[in-house]
Each structure stands twice: as C-alpha cells, then as structure tokens.
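Visitor: Sequence order for the protein chains is A and B. Per the numbering used here, the very first residue in the first sequence carries number 516; after that it's consecutive. Per the numbering used here, the very first residue in the second sequence carries number 516; after that it's consecutive.
Hints are not guaranteed to be accurate.
Put simply, identical chains are the same to the list, so a pair is met inside one copy or across any two.
Listed next, the in silico DSSO-like pairs over lysine-lysine satisfying Cα-Cα at most 30 angstroms (straight line) [stated by the list, open to error]:
#  : residue 1 : residue 2
1  : K832      : K788
2  : K694      : K927
3  : K891      : K706
4  : K927      : K832
5  : K832      : K619
6  : K560      : K537
7  : K891      : K788
8  : K560      : K788
9  : K593      : K565
10 : K788      : K694
Simulated from the structure, these hints should not be mistaken for laboratory data. In this text the structure is predicted, and so the values were computed from the model without any measurement.
Number of protein chains: 2
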Amino acid sequence: MADIIVSKFGGSSVANAGQIQKVRRIVEEDSRRRIVVVSAPGRSKSSEQKITDHLFNIATDGMHFRDQRLSIPVADSKLAVIERFTEILQQLDISGEGIIEALKQDLDCKLRGDRRVAFLASRGEHYNARIIAEYFQASGMEAEVGLPEDFGLLVSEQFLNASLLQEAYGNMQQLGGEKITVVPGFYGVTKSGEVAVFSRGGSDLTGGEIARGVHAASYENWTDVSGVFEADPRLVPEARAIPRLTFKEIRLLSSKGFNVFHLNAMLPCKERKIPIHIRNTNAPEEGGTVILFERVPEEGVVGVARLDSVAYIYLEKDMLGEEIGFTADLLGILREFGIQTYHFPTDKDDIAVLVNQDDLTGAINDLRRRIEQQLKPDFMDVVYNLSILTAVGLGLQGNSYPIVDALSALGKAHIPIEMIDQSPSQICFHIGVQQTVADDALKILYRALIG
Amino acid sequence: MADIIVSKFGGSSVANAGQIQKVRRIVEEDSRRRIVVVSAPGRSKSSEQKITDHLFNIATDGMHFRDQRLSIPVADSKLAVIERFTEILQQLDISGEGIIEALKQDLDCKLRGDRRVAFLASRGEHYNARIIAEYFQASGMEAEVGLPEDFGLLVSEQFLNASLLQEAYGNMQQLGGEKITVVPGFYGVTKSGEVAVFSRGGSDLTGGEIARGVHAASYENWTDVSGVFEADPRLVPEARAIPRLTFKEIRLLSSKGFNVFHLNAMLPCKERKIPIHIRNTNAPEEGGTVILFERVPEEGVVGVARLDSVAYIYLEKDMLGEEIGFTADLLGILREFGIQTYHFPTDKDDIAVLVNQDDLTGAINDLRRRIEQQLKPDFMDVVYNLSILTAVGLGLQGNSYPIVDALSALGKAHIPIEMIDQSPSQICFHIGVQQTVADDALKILYRALIG
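Bound-form chain A, shown alone (with noise of 0.2 angstroms):
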C-alpha cells in the first residue's frame, strides 16, 4: 500500500478560481495527496449551462441541447466553453500559456461520430486539468499535468462507454512520484491514441481505477455534501453525514434512492479493500464519509433511503405457485420489455413485482397485453405511485428490534404500509408506503431509528 491518497474533485469544487484555491488549500494541508483527479468546470452560477453540456451541443451540431427543449447554436456554445476557461485563468492570474488557443484548435475538430462526441466531451476535463497544474505551479507548490494520452490510461474502443484495459494500470505507476500530477477525469485513451470516455460520471471512475492502480492507500472523493447523510437532508434537517459505512451498505443505499457518486467508480477501490473517502471541498474541516470494506457496527440502522416512482405489478392465478416457472416467465417478460424489476413477493396465488413506474411509461398496455395472453392470469393490477424506504445498517443482522420499532411508529401516526420486506442477507429492510405519505413516513423512521 503506496503512502499515496488520490484526491478526486468534482465539477462543483473545479467551477471557478475561488473554487480552485480551495482545492490548492486541500492538497497542500497533506503530503499524501499527490494524485489530483479533477472534473470539467461545474456551474458556477445555477442559471448557466455546464461547459460539458456545451461541449455535447457542440459535438451534436446543437442537438444536444434542443433535447432538452433549449436553443444554444453551435457558435454560442463555442464561445461560452471559450470566455469560461479563460475567465478561469485570469482570475486565477496565471497565463496558461497557449491554453486557449489549444483549446480553439479542439473545438473546431473535424473528427465525425461517436469519437468527435467523445474527443469533445472530454475537452473539459482536459483543459481544466492543465489549468489546475499551472495554477499549481504557479503558486508555488511541485505539480505537474498526467493526461491520459501521455502516461497512457488505456480504455477500449467503445468511444462512449469506454472501460479500461489491464495494461493501464501497469502505466499508472509512473504517477504519484514526488511531484503533485494532476489527471482529468473522464477519459482515457485507446491503443491507437483516440480519445474515449466513460459512461457519464466517469471521473469518479477515473479517479476509483487510479487509486488502484497505484494502491493508493485511500480515495478522497471531494464534492459539495459532507458526506453521504442517515437520510435526505432536504426532507429530514437534522439528517448528518455517516462517518463510516462499508461498501455493502452503500450500495444498498444508492441502490434504494441515495444519490451518491457513480457505483461502478466504487468497484476498484471495493476489489483492493481501498477506504473511499467522500468530502466537502467547501467545508474540509467535516470528517465526511468513510466507505469500507468492513467495519462493527455501533447502531441498528445507519441510513434511511428512499425511492419513489415504484409501481407494482400484481398477478393472481389459482394455482400459480403450482406451475414452476411462472415468475421466471413473468420475469423474462419485464426483461424483454427492459423494465427494471426490485423485488418479488410471491404467495400460492399471486405475485407482485415492484418494477421502475418509469420504465412503463409507453409500454404498459402492450406489456399488459402480452402477460395476458402468455400467462393468462386471472386478475391483473397495476398500482403506481409506491415509494420504498429502505433503512441499511450492518447492525440489523440478527437484530429485529429495529423493524419492529419502525412500524410501530408508522402505526402510531396511522401510515398505511404496503410491503415490508427483510432479506435473509438482512442488513437492510424495506418499508412501501403511497408516495403521498412518503415525506412524513421518511422523517418518521429517521426519528424511530436514527434521529
């Protein structure tokens, strides 16, 4: 284990030069830090667009953002990609020196496809780095730029969906000598040189694939939360962050409606026992949230997740729970549709699967129609609008007394539930309640099992 700790920042703690400071305050308080991953540039103000969005129109000859109902021309988005970075370099007073002429250059590439989508969208996350390891320099401290390209973190051809190949990782021990390298995010290069990118969210990715690669001895996570919060802090003020969660319970979290980073970024780190480490770049004096392989547990429960838009698919069929084979069916029917499917009570006579409600938006009548006819059941319900509360902890394992707690006191303030499940891995339990009553049920558990 290398005394190295990479520290990744996301978009939020990179928008802006009083925003680079901070990350300059961060990596120079530990000498461990000397590996600094960055995003591209987030939003600096909330009305305007992020340069990576800009970056997609300009790759899509402006389809990007008329998806999403705007109208941004090509040269708009050029222009706003163009005053960004160079806002960002005179506040930061340094000259970055053919920076921006470089990036005029990229921007008018004549590549076509999905490697121009790619070589693009990755602009940001490049020239930020550059800028960052100038404004390093600048200020004094040994730092260099790791681009992808010239150490070599080498990914397959799947120009948008890229993963990375054996052979980088061998490349990355050239980084985290003395020397602070600051690496963007986000892409990786193929054999051939061409530029490819990670599914969307792939800095935390980048970031994840280098902590291993360099047995780094943590991953620093810097984002604008402390931490992953026991509930949603929007709906349950007095929610704090959790110090220390294993992997597991993390994932069931994000799994049940906790927006943390990228689950795939977790893997590397999960696969080599990698503690990741989840910050505020803006409050840096937080412990935030430690994610590790293990840990004993103090409490029942640590966190209460949530997740709306659950509709349930209900069958019933006399003798159903005979026919071997029938939810395998109805299952492989979902699959053919692409519905996401959570979970599957079954009795004797009926099944309910708790599906994505959006998933069904379009395709409800022809799935309907096809599990009548395959299956042909004798009742058919479809409800909407169910939210799941989950709450996760590793000290639910042979310990009932929180559930019980929990649906006392939904009882109590009259909630109706309308599932509960406890899997035998058992370290975490769902609570399905009308997503009507879901705000008040949410507060409720995190007061009866956190709070």
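Place chain B on chain A using the hints.
Guide: Only chain B this time, still in chain A's reference frame:
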C-alpha cells in the same frame, strides 16, 4: 342454486361399519344431503394398510409396497381387500348380494398398463359406494348408488391424472333427485367407457365438481378433524378450528404448510362461489370450518401456518441489480432443475431465493456449477433448514399492528429472525426462522396474534 348439499366422506369416515353408521346418521339429519360422495375405506387400525394401497399393489404386481420397502405378495393384497369388504358387509348386517363376487372378478382383471392401475385403484371407492348405498336402503332410506359409468362422469384419457370433461356437468343433472345418491369418488369414465382416476386425493375433487355441476348450496367435506385449525394443534394444543375462512385465506395457509384437502378440489366451488364446509364425522356437533368467497374479518390473523424444509440460495454479484433479467435467468435455471421457489427478495448486489429444500437433494452440485458458470456470481451460498411461519387473515389488510406484535414477541423471546415479508396483497406476512426454533416461534406467534 339448488337446495342440495353435496356431502363427501373421507377414508376414515367410511373405514368400517361403525363409521358408516355415523355417516348414515349425518346424512339423515339434513334432508338437503342428497348427494353423498365416498372414499375407499381408510385404515381401520393404524397397523394395517389402506385398501387403495393394496389395490395399487395388485395393479403393479407387488411393486407398490416394494417401493415402500414392504413385501406383500399380490395374493395377500387380494385377500386383504376381499376380507375387508366382507367384514364391512357382515358388520353392517347386509347381504351385499353379488358384491364380493364382482369384486373378486375385478381383482382378476386382465387390463394392462395405466388402464389396469386406474381400474384397480378405483375399486375401493366403487365397492364402498355400492355397499353404503345398499346399507342406506336396508336401513330404510330412499337411496341408490350413482356410479360414474352410469350417470356419465366423463373424464379425459389421462388414466392416472384425468380431468373432467365439460359434458360431465350436464350429466350430473340426473343426480340430486328425491333419492339420496351415493357416488364413489376418485374416478370417472372416458368417452369409450374406461375407468380413469384423478390424481390421488381425488375424491375431494369428485365432490367439488359435482357440487359445481348440480349448483349445490354447499359442499360438505367430512373428515376426522373438526375443521381448519388456527395452528398445528400438535404444537399448539389450545388452537381452535377457524369458523370462517375465505378461499384466498385457505389457499395461503395451505401453501405454507397447512394440511387441508386437495387445493385443486376447491377450484370448482370457488368458481361458483359455493361454500365448502369442513366437518368432523366423529364430532358432527362441532361447527367445523366454512370456506367462503368473501367475509368481513373480525380479527387480524386467523391462522399461522408453518412450512419446513426451506432452503435459500443466496447470490452476491456487484452491479447485479443493474442487470435486467439476472433474476429471470436464475429462476429459469431453477425451473430447469424442477425446483420449487417460494419467494425472491432481491437487493442491489444480492438475491436470495427461497426454495423447497427437498428439491435440492441430488441436484445441488449440478445446480451450483450451472449457476456459477452461467451467472458468475461473486459469492454463492446455500442455507438449509429454515421454516417459514405465515400469518394469514383478511384483517391484515392495511393493518400493520399484527406484524409489530409478532416481531416484538419473537424479539422478547430472543428468537432470531431470518426473513420478514409482507407482500402488497397484504393478507398475510411471512417470518423465516431456523427450523430448530420453529416450534417455539409458532407457539409465540400463535399467542401473540390469536390465542
């Protein structure tokens, strides 16, 4: 709705002369009991074999008992059948003219294959019905035998797993006149007049189908227990018969371990909303259990069932939850192996499928190999010897107090809970525990929810 009750008497209710005299008194007591369906004589001593088993033994040339590691020659089985019916005739003090001769001739029948097995297996019901009809007449009742071959209880040509043909319903209109008709259960005749039997337990089906065919006011199912109990009375001595249950409730209870009569046999009555009344021939003064199409619940839980020998197959795989269709694939494999599944909780990175443990015998190694090759889980485990306790009651709808009470009571008794589920249909919930503590858990749940 005709003013007829179809009364079916099971094997123990017609096992000997004393029992048949009880049947006579029951039939006499209510003039609506004009169709009486009878089983073959059951064991009259626990040491002896059932008539129908002897008949299977004759049909299979001694194989039937050999499969049960008994050695009873065909000649002995023939003798046992003849002696038993002779004894019943003598004790009922009727001549039964020609009956024993006809029986002897039937036992020597020259049919082969499934036709032979079906014909011989049906002889217990056939001759019992003839004897009981004659006894009814001899004791002054207006009665006659109604044989499937005479009134046309037509069935398909699957000789050992026959199903009723639509025409049979029309033919049943001949039954239920002024006279009491005694009908042998379990068999019908094909269009070409050959005997074919329902799957075993099929006398219940004969009764249910006839109740449907004659639009009976109710279908009485007379047994040696006083109805459906709230919980297994061997474990919970204070458990009482449940007075009223819906079809839905009984199906849920019986799917989770309640041993009531053949579920298939309920379908004809359920379709026509004919109530089924389960009663005790040995205690006709007791109310028994009425199974109805609907009812207004006065309580939360009506019964707690217990299903043993449940195993769960647990799989972990990173990003499993993102793979649409992973569960469908898993269930497809289980179907291919003929393994019955009960319940499928699933989470982001894991899935646990509850299965009938007996189905895994001999198949588990191949199944593991197959799952590992096809689904490539990161981790796979099979946990054996779970019991699923299921609380059922219409009154559970929108009412979560019972599950809170159940979990609190188990918690207080320090019984670890492996699994909890209350499905959206919500008239039952399931609690999984280790089989070793299931006796205690059942008692605790009974006392917390019902007793």
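Visitor: Which numbered hints does this structure break?
Guide: 2, 4, 5, 8
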